[in-house]
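On the provided structure of chain A, position chain B as indicated by the hints.
Protein chains: 2
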Amino acid sequence: MNDFPNSHFKNVPLEKAYRLLTHGATVLVSAQHEQQRDVMAAAWACALEFKPAKVTVVLDKSTMTRQIIEQSGYFVLQVPTYKQIDLVYQLGTTSLHDMPNKLEKSGVKLFYLEDSEQPLVAGCSAWLVCKLIPEPHNQQAHDLFIGEVISAWADDRIFRDGHWHFQDADPEWRSLHHVAGGNFYLIGEEVSVQDRLKSP
Amino acid sequence: MNDFPNSHFKNVPLEKAYRLLTHGATVLVSAQHEQQRDVMAAAWACALEFKPAKVTVVLDKSTMTRQIIEQSGYFVLQVPTYKQIDLVYQLGTTSLHDMPNKLEKSGVKLFYLEDSEQPLVAGCSAWLVCKLIPEPHNQQAHDLFIGEVISAWADDRIFRDGHWHFQDADPEWRSLHHVAGGNFYLIGEEVSVQDRLKSP
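From first to last, the protein sequence lines stand for chains A and B.
Using our numbering, read the first sequence as starting at 1 and increasing by one per residue.
Using our numbering, read the second sequence as starting at 1001 and increasing by one per residue.
Here chain A stands alone, though its shape is the one from the complex (with noise of 0.2 Å):
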């Protein structure tokens, strides 16, 4: 029943993969090289282009999961849910160096791609599978990674037709935004300029 990808797990076309960035929420980012995988928390990432569609995020020096990108060449950039906030914590807390069975540890639940080698962080509402554009000066500089979405996914629960539909879904799918150690906001209401105008 936990199997993934499950059946609302569904394609996002590539030139609305900004959409699952774009309101800025916290990530998830995992990587695998050969046996090596690890997965961490990033508040820093960021879309950087519409087509073909390129993402920004900080990487810092400590994290195994770098490492791990810089021989694999490849990441997978995932937005969690509320309901995921435990997780989120720990992933992000918690460093593959000192302790080496953090992803056992954390519960974290991965899955692949048919012809990739990437993992994929279950229950997450948005996935971002990018190709390393190598820039060693901003990676050296700037901790600054920058990738092409080569695919990108969604639950249909939470995102379809090119929209975020967090008003229609329980509030365990918002997103979550990082302000400093254990603390978030979830995303709230959906707002128009439509509206605005409209209300007296």
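These are calculated hints, taken from the structure and not from any lab test.
Each hint should be verified, as a subset may be incorrect.
In silico EDC-like cross-links for lysine to aspartate or glutamate, where the CA-CA straight-line distance does not exceed 20 Å [stated by the list, open to error]:
{"#": "1", "chain 1": "B", "residue 1": "K1061", "chain 2": "A", "residue 2": "D143"}
{"#": "2", "chain 1": "A", "residue 1": "K131", "chain 2": "B", "residue 2": "E1049"}
{"#": "3", "chain 1": "B", "residue 1": "K1051", "chain 2": "A", "residue 2": "D3"}
{"#": "4", "chain 1": "B", "residue 1": "K1083", "chain 2": "A", "residue 2": "E49"}
{"#": "5", "chain 1": "B", "residue 1": "K1083", "chain 2": "A", "residue 2": "D195"}
{"#": "6", "chain 1": "B", "residue 1": "K1083", "chain 2": "A", "residue 2": "E190"}
{"#": "7", "chain 1": "A", "residue 1": "K83", "chain 2": "B", "residue 2": "E1190"}
{"#": "8", "chain 1": "A", "residue 1": "K61", "chain 2": "B", "residue 2": "E1049"}
{"#": "9", "chain 1": "A", "residue 1": "K51", "chain 2": "B", "residue 2": "E1049"}
{"#": "10", "chain 1": "A", "residue 1": "K16", "chain 2": "B", "residue 2": "E1049"}
{"#": "11", "chain 1": "B", "residue 1": "K1051", "chain 2": "A", "residue 2": "D60"}
Okay, now just chain B, sitting in the frame of chain A:
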């Protein structure tokens, strides 16, 4: 009474500046070079480093704001509020290239810090005054601009003691998180890992 900076305009220590951006809000980007000034909206802005505080922002080649920043070497990122949604939309969808009176028409109010020629947008919740770190390759290849934060400010009705206080304030203060077109999400409920662990 609408004079800025007003009594709520307070300095934010540079080591806390990242907290103004980490939750992923859409920002306004302002800049001035000699008599030329512009303000645009940008959903793709992100913290890059804690100390020295650094930020990234994606600026399309078509924008006048970008041209001004390349000349002046400075820019300001500010966090607008729900109350300003119409302003954000207007500044984000009109160009000084096509509409020379864009700023007047938008009704944006600008103010200046002592000893600075950079315009700040009145009525926002937070401001980061940045010095461009010139990175010609990033700017040309990725439209990606990096700045070092040289001073940070916030309205103490919504950010004080190093923390946002969205939950205690009128919803008009909430930050905007862009989706597409005139559609945004407001930042929502505050949650913490501790609350979650305590809840039944």
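> Hey, K1083 (chain B) versus E190 (chain A), does the alpha-carbon distance stay inside 20 Å?
Replying inline: holds (14 Å)
>> Checking one constraint from the list: CA of K1051 (chain B) to CA of D3 (chain A), max 20 Å. Satisfied?
In response: Violated - the C-alpha atoms of D3 (chain A) and K1051 (chain B) are around 43 Å apart, more than 20 Å.
> Quick one, are K1083 (chain B) and E49 (chain A) close enough, alpha carbons at most 20 Å?
Replying inline: violated (28 Å)
>> With the threshold set at 20 Å, check whether the alpha-carbon distance from K51 (chain A) to E1049 (chain B) stays at or below it.
In response: Not satisfied, since the Cα-Cα distance of roughly 27 Å exceeds 20 Å.
> Do the alpha carbons of K1051 (chain B) and D60 (chain A) lie within 20 Å of each other, as the hint requires?
Replying inline: Distance of about 13 Å is within 20 Å: holds.
> Under the criterion that the straight-line Cα-Cα distance not exceed 20 Å, is the pair K83 (chain A), E1190 (chain B) satisfied?
Replying inline: holds (14 Å)
> Are K61 (chain A) and E1049 (chain B) close enough, with their CA atoms no more than 20 Å apart?
Replying inline: Answer holds: K61 (chain A) to E1049 (chain B) is near 12 Å, not above 20 Å.
> Are the Cα positions of K131 (chain A) and E1049 (chain B) separated by 20 Å at most?
Replying inline: violated (23 Å)
>> Checking one constraint from the list: CA of K1083 (chain B) to CA of D195 (chain A), max 20 Å. Satisfied?
In response: Measuring from Cα to Cα gives roughly 12 Å; hence the hint holds.
>> Checking one constraint from the list: CA of K1061 (chain B) to CA of D143 (chain A), max 20 Å. Satisfied?
In response: Violated, at roughly 25 Å.
> Is K16 (chain A) close enough to E1049 (chain B), meaning Cα to Cα at most 20 Å?
Replying inline: Violated - the C-alpha atoms of E1049 (chain B) and K16 (chain A) are around 28 Å apart, more than 20 Å.
When held up to the earlier numbered hints, the structure conflicts with 1, 2, 3, 4, 9 and 10 and fits the remainder.
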